[in-house]
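*Asks:* Those protein sequences? They're chains E and G, same order as listed.
Read the first sequence against the working numbering and you will find it ends at 268, with the numbers running on by one and no gaps.
Read the second sequence against the working numbering and you will find it ends at 200, with the numbers running on by one and no gaps.
It should be emphasised that the hints constitute simulated quantities derived from the structure, not laboratory data.
Even for Gly, the Cβ is constructed at its ideal location relative to N, Cα and C.
Some hints here could point you the wrong way.
SDA-like mimics (lysine to any residue), calculated; alpha carbons at most 20 Å apart, straight line [claimed, not checked]:
1. E:LYS221 / G:GLU179
2. G:LYS182 / E:MET155
3. G:LYS182 / E:ARG110
4. E:LYS233 / G:ARG148
5. G:LYS197 / E:THR112
6. G:LYS182 / E:LYS233
7. G:LYS182 / G:ALA164
8. G:LYS188 / E:PRO130
Interface residues of chain G toward chain E, partial, derived using beta-carbon atoms under 10 Å [as the list claims (entries may be wrong)]:
9. ASP97
10. THR99
11. GLY102
12. ARG109
13. ASP116
14. GLU119
15. PHE121
16. HIS122
17. LEU125
18. LYS129
19. ARG176
20. LEU180
21. GLU185
22. LEU187
23. ASP194
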Amino acid sequence: MDARRESEVSPMKNRTTVERKSERELIVTRTFNAPARLVFEAWTTPELFKQWWVPKSMGMFLRSCEMDVRVGGRYRLAFGHDASNAAEFFGRYVEVTPHSRLAWTNEEGGDAGPVTTVTFEERGGKTLLVLHELYPSKEALDAAGTGAADAMSESFEQLDELLAAQSASVGRS
Amino acid sequence: MVQYSRARLDASFAALSDATRRGVLEQLGRSDASITDLAEKFHMTLTGMKKHVGVLEQSGLVTTEKLGRVRTCKLGPRRLEEETAWLERYRQLWDARFDELDKVVEELKQKEKVDGRKKRE
Numbered sequence: 096m097d098a099r100r101e102s103e104v105s106p107m108k109n110r111t112t113v114e115r116k117s118e119r120e121l122i123v124t125r126t127f128n129a130p131a132r133l134v135f136e137a138w139t140t141p142e143l144f145k146q147w148w149v150p151k152s153m154g155m156f157l158r159s160c161e162m163d164v165r166v167g168g169r170y171r172l173a174f175g176h177d178a179s180n181a182a183e184f185f186g187r188y189v190e191v192t193p194h195s196r197l198a199w200t201n202e203e204g205g206d207a208g209p210v211t212t213v214t215f216e217e218r219g220g221k222t223l224l225v226l227h228e229l230y231p232s233k234e235a236l237d238a239a240g241t242g243a244a245d246a247m248s249e250s251f252e253q254l255d256e257l258l259a260a261q262s263a264s265v266g267r268s
Numbered sequence: 080m081v082q083y084s085r086a087r088l089d090a091s092f093a094a095l096s097d098a099t100r101r102g103v104l105e106q107l108g109r110s111d112a113s114i115t116d117l118a119e120k121f122h123m124t125l126t127g128m129k130k131h132v133g134v135l136e137q138s139g140l141v142t143t144e145k146l147g148r149v150r151t152c153k154l155g156p157r158r159l160e161e162e163t164a165w166l167e168r169y170r171q172l173w174d175a176r177f178d179e180l181d182k183v184v185e186e187l188k189q190k191e192k193v194d195g196r197k198k199r200e
């Protein structure tokens, strides 16, 4: 991962990296140009969380979001417009250290769900965010990866179609 | 179909979990080589290198062909792209998410500035 080279290509946008650290672990990193308390606030306030957790490219709709952000507190995210296309994600917070650390379980998949830990490290007014997912087994991670890959390629296809339709209606530019 | 590719991914990740095997892939990316060449290059016994090549062969990343007494290794029909593809899609998901989070955080920052100014006034 050569961050310098990337910043030459795209000076404004911070880079997101993903690394499979071991058979059971994934690490995602990204820097935000803001103090840690603001990034933490956006992560722990339902109204703010709803604004970013489901990017438009995912083609999903976050119907409700409940978060009881304290150790042992539960969260529940409900996707879909109605019961026919609903999906729920839920679990509980296992670590909450304001502005620096957050960890939660992912229980919708039974025992196969990972424990997700996010750390917010402030450096000179910027925040390095490290998201760490620890799966109970290698098989669970592989399955999650394949599922996510399938879901994403599906939504990117939708996006491609949408963009193609838009550019067709706009005509040649 | 999904199960099939998952089993292949498993084999590939197992093959790639070892530094020597990654080195062998890199080497074969430059040119084909015999097991003897590879053993010398990586300072290993012939038996040790045969084991590594066996794992790579099972995962489909490497193929071998015996000509006379020499077994030549080359990169298999499958490349690393498949293994990195799902990581890349996963990265794109988080990248899209974090682009949105950037906007939310930027708004909070602006709001703080405005509130700060109001307090000073």
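*Asks:* Check each numbered hint against the structure and report the violated ones by number, ascending.
*Replies:* 4, 5, 6, 7, 9, 10, 11, 12, 13, 14, 15, 16, 17, 18 and 23
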